[in-house]
Amino acid sequence: MAKPKLAVVKMTGCAGCQMEVLRIEDKLLDLVGAIDMAYFYMATSANRHGPYDVALVEGSVSTPRELRELKELRERSKLLIALGDCACTGCLPSIVNWVPPQESAKVYERFLEIHSKKESFQKVYPLSAHVRVDLELRGCPPHRDTILEALKGALLGIKPFLREHPVCVECKMKENVCLLVCEGRPCMGPVTAAGCGAACPSNGRVCEGCYGPMSDANASSLAEILAKRCGLSKEDLIGKFRKYAGLMPAFSKEAGGAI
Amino acid sequence: MSQVREIRVDYVARIEGQAEVLIKVVGGRVEEAKLAVFEPPRFFESFMIGRRCGEAHEIASRICGICHVPHQVAALEAVEDGLGIEVDDQTRALRKLLNYANHISSHALSVYFLSVPDYFGKPDIISMASEHPDLVRNAIRLKKVGDDITERFGGRAIHPVTLVVNGFTRIPTKADLEWAKMELLAMKGFAMEGVDFVADLDIPDFERRCEHIALSQEDQYAINEGRLISTEGLDISPREYRAHIEETHTDYSWTKRSIVRGRDSFLVGPLARVNLNFDKLSDDAKEAAKRVGFKPPVFNPFMAVLARAIELINAIDDSVSIIENLRIEKGPVIEESFEVKAGDGFAIVEAPRGILYHSYSFDSKGMIKKADVVTPTAHNSRNIERDLEALAPELREISPEEAILKCEMLVRAYDPCISCSVHLVEVG
Ligand code: SF4
Ligand code: SF4
Ligand code: SF4
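Residue numbers (the numbering used here), protein chains in the order written: chain W, -1 to 257; chain G, 35 to 462.
Some clues are possibly wrong.
Stated by the list, open to error - Derived DSBU-like pairs: lysine-lysine, alpha-carbon spacing no greater than 30 Å straight-line:
#: 1; chain 1: G; residue 1: Lys130; chain 2: G; residue 2: Lys440
#: 2; chain 1: W; residue 1: Lys25; chain 2: G; residue 2: Lys399
#: 3; chain 1: W; residue 1: Lys150; chain 2: G; residue 2: Lys156
#: 4; chain 1: G; residue 1: Lys399; chain 2: W; residue 2: Lys226
#: 5; chain 1: G; residue 1: Lys404; chain 2: G; residue 2: Lys222
#: 6; chain 1: G; residue 1: Lys222; chain 2: W; residue 2: Lys170
#: 7; chain 1: W; residue 1: Lys150; chain 2: W; residue 2: Lys121
#: 8; chain 1: G; residue 1: Lys156; chain 2: W; residue 2: Lys76
#: 9; chain 1: W; residue 1: Lys172; chain 2: G; residue 2: Lys404
#: 10; chain 1: G; residue 1: Lys403; chain 2: G; residue 2: Lys130
#: 11; chain 1: W; residue 1: Lys170; chain 2: W; residue 2: Lys226
#: 12; chain 1: G; residue 1: Lys314; chain 2: G; residue 2: Lys208
#: 13; chain 1: G; residue 1: Lys156; chain 2: W; residue 2: Lys251
#: 14; chain 1: G; residue 1: Lys314; chain 2: W; residue 2: Lys172
#: 15; chain 1: W; residue 1: Lys76; chain 2: W; residue 2: Lys150
#: 16; chain 1: W; residue 1: Lys3; chain 2: W; residue 2: Lys69
#: 17; chain 1: W; residue 1: Lys1; chain 2: G; residue 2: Lys399
Claimed, not checked - Simulated DEER-style distance windows between Cβ atoms:
#: 18; chain 1: G; residue 1: Thr207; chain 2: W; residue 2: Ile22; range: 47 to 53 Å
#: 19; chain 1: W; residue 1: Ala44; chain 2: G; residue 2: Asp234; range: 23 to 29 Å
#: 20; chain 1: G; residue 1: Asp298; chain 2: W; residue 2: Leu154; range: 55 to 61 Å
To be verified - One side only, chain G facing chain W, incomplete, derived with CB under 8 Å:
#: 21; residue: Ile97
#: 22; residue: Phe147
#: 23; residue: Pro157
#: 24; residue: Gly189
#: 25; residue: Ala191
#: 26; residue: Ile192
#: 27; residue: Lys215
#: 28; residue: Lys222
#: 29; residue: Ser355
#: 30; residue: Asn359
Treat the hints as calculated values from the structure; they're not laboratory data. Just so you know, even glycine gets a beta-carbon here, dropped at the ideal spot from N, CA and C.
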């Protein structure tokens, strides 16, 4: 049987998710035994154009060029996996969607001139806004174990186990003292999807919500608690919910409304 | 009829991000030499406005998934500068340790994963594994040491979470420090051999004198603090940066390009650092450099690969000595527990690819009013083109495949980080 062909593709992102793929390094040599790395521009110059069995896509869609590439990739890939928040939710850079275009255009003196040649939307959207996505790996970046789990699942043709419970569950398993309940600090853990192993609360820091909303997140109830218990203002709350996943329906009301 | 030769690399592989190279030689003359970045702009400086200064570093981290630590350190230092916070030595030491960890993992990636395959006629490091199993295994392990230190001290390997204004939310234990020292020392031998290995590669013979710029400190190898100095006599503080470095735009690239006011483009990164701070390298790094005949200043941009190999030894040695001299006296701090006030702050940090400038202005509530970030690749982008221009004439003599490879090797020697360079600059 031919080895399954894997593509790792970059759209608008920071390469952190691809770096997390490279962090499977211990397993990398075994993995290439089982997988045909058909496309990974950051790592190889032997790149082939599909069809692929699995495409891991980092980054959001922010130019017409990327949109064309994504649609083509969708057609050529059996499984299309959104790798990380930028691809799943728009992540932190999606904050730009609330900035009026004339403001963000100011950053280039000759914006329109370059714009017309290089084309850009000035808005950031997750992959699912444009194409069907088979699997979403949340996180900024997703943990390598999750990526490995997804790849194994894809290889074996089984659904990977992804955690959709809140960070709090992982936090409790680590027996951390709750920063929200015991110290009144504004933790996003109760509405944030798990997968990071409660990286922040385990290191003395509140969760900022970088894995995006968990399933059935009750954002308004947490917003109320953060306002009452931690004294967050309306602006503070908008800032919190508009940080990593403000475009997601579960957060959009608290993020100051859909745009 | 004059001979026209066009060289085009549509998408340079084994660099971070999306860029192409276009060179046109007519007769003996170079008509154009462009590094065109088609990775889209990301508007960080515009959407940081209105956010709290205490989260600047967390946001800036997402400019780059490779050099996230230097972005965090630069943002933290700039914000602290604006708030008038003097951080203690322990915090300084731990930040330097984390930045070195980032340099180790990034340099290991750049040297062995991205550059070395070219010299063996291979498309990537994995395809070298059957012929050079030890090299590949050690290269992977060296990169991993950097990532693992970041993970253990920073809470996770990419976009770490423990660094905050005025300190860390978690202080490493004695066991963490001992473990890190062992991990680093275990790779020292490979790093030493690495210098000889790289020096033996067939590095292209090419020289172009240009200004080299790096941070510098009196008493140590500077990566997190210091003054900005150059081979042409520049000597300024981070606060004076904008008076001396200017940015221009082109219509074919999303990257802004820097020049020294009244002068020309310049080079930043490992080669500039080793050239300008050779004396401050650890003894073993200096020894290794001398052994292979590295005499600063070296003006061959392809030699950045060797400079990285030299810096890998220095990063290990200096990290070990930081650990040995570290006295933990201060406990963890709570994120954003500082008092806010209005201010302007400036900082320059050495990312693996060179100097990284961050500056912020914020109001009395600590809300960001203006952000200005200039990345190493933006600093280097014009200089890469100047090198391509100088390289172009000799490309006529070789086959198109070789010419393309040589351009790619030059670009890879700079190890450009394209996502970084289009993060986007300055809102007035
Ligand atoms: S999700 Fe985070 S780590 Fe991944 S590309 Fe986006 S900003 Fe980078
Ligand atoms: S610290 Fe945060 S993540 Fe942990 S249990 Fe409390 S609210 Fe949940
Ligand atoms: S605790 Fe929250 S902010 Fe921290 S890594 Fe996990 S999801 Fe991200």
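Status of each hint after checking the structure:
With a C-alpha separation of about 35 Å, the suggested pair G/Lys130 and G/Lys440 falls outside the 30 Å cut-off, and the hint is violated. Proposed proximity of W/Lys25 and G/Lys399 is contradicted: the alpha carbons are some 48 Å apart, above 30 Å. Restraint check for W/Lys150 and G/Lys156: satisfied, since their Cα atoms lie roughly 28 Å apart, inside the 30 Å limit. Of the pairs offered as hints, the one joining G/Lys399 and W/Lys226 holds, with about 20 Å between alpha carbons and a cut-off of 30 Å not exceeded.
Straight-line distance between C-alpha atoms of G/Lys404 and G/Lys222 comes to about 43 Å, which puts the hinted pair past the 30 Å bound. A distance of roughly 39 Å separates the Cα atoms of G/Lys222 and W/Lys170; the hinted pair therefore is violated under the 30 Å criterion. Taking the CA atoms of W/Lys150 and W/Lys121, the gap is about 34 Å. The hint is violated against a cut of 30 Å. Taking the CA atoms of G/Lys156 and W/Lys76, the gap is about 29 Å. The hint holds against a cut of 30 Å.
Simply put, W/Lys172 and G/Lys404 have alpha-carbon atoms about 40 Å apart, too far for the 30 Å limit, and the pair is violated. The hinted pair formed by G/Lys403 and G/Lys130 meets the criterion: a straight-line CA distance of about 28 Å does not exceed 30 Å. Distance hint between W/Lys170 and W/Lys226 is fulfilled; the C-alpha atoms sit about 23 Å from each other, no more than 30 Å. Between the alpha carbons of G/Lys314 and G/Lys208 the distance comes to roughly 28 Å, so the proposed pair stays at or under 30 Å and holds.
Restraint check for G/Lys156 and W/Lys251: the C-alpha separation of about 52 Å exceeds 30 Å, so the hint is violated. Simply put, G/Lys314 and W/Lys172 have alpha-carbon atoms about 43 Å apart, too far for the 30 Å limit, and the pair is violated. Annotation: proposed proximity of W/Lys76 to W/Lys150 holds, straight-line Cα distance about 15 Å (limit 30 Å). For the proposed pair W/Lys3 and W/Lys69, the alpha carbon gap of about 18 Å is at most 30 Å, so the pair holds.
A C-alpha spacing of about 57 Å is found between W/Lys1 and G/Lys399, which places the hinted pair above 30 Å, so the restraint is violated. The supplied range of 47 to 53 Å is broken by G/Thr207 and W/Ile22, whose beta-carbon atoms lie about 28 Å from each other. Between W/Ala44 and G/Asp234 the Cβ separation comes to about 25 Å, which falls inside the hinted range of 23 to 29 Å. The hinted range of 55 to 61 Å is satisfied by G/Asp298 and W/Leu154, whose Cβ atoms lie roughly 57 Å apart.
For G/Ile97, the suggested interface contact is upheld, since its CB lies about 6 Å from the closest CB of chain W, less than 8 Å. The beta carbon of G/Phe147 is positioned within 8 Å of a beta carbon in chain W (closest approach about 7 Å), and the interface hint is therefore held. Interface restraint check: G/Pro157 against chain W, minimum CB-CB distance 3 Å, threshold 8 Å, status holds. For G/Gly189, the suggested interface contact is upheld, since its CB lies about 4 Å from the closest CB of chain W, less than 8 Å.
Evaluation of the G/Ala191 hint against chain W yields a held restraint, the C-beta minimum of about 6 Å falling below 8 Å. The interface hint given for G/Ile192 is met, as the beta carbon of that residue sits about 5 Å from the closest beta carbon of chain W, less than 8 Å. Taken as an interface hint, G/Lys215 does not check out: its beta carbon lies about 21 Å from the nearest beta carbon of chain W, beyond 8 Å. For the restraint placing G/Lys222 at the interface with chain W, the shortest Cβ-Cβ distance is roughly 20 Å, beyond the 8 Å limit, so the hint is violated.
Residue-level restraint check for G/Ser355 is violated (minimum Cβ-Cβ distance to chain W is 26 Å; threshold 8 Å). Interface restraint check for G/Asn359: the shortest CB-CB distance to chain W comes to about 24 Å, outside 8 Å, so the restraint is violated.
Hint violations for this structure: numbers 1, 2, 5, 6, 7, 9, 13, 14, 17, 18, 27, 28, 29, 30, all remaining hints satisfied.
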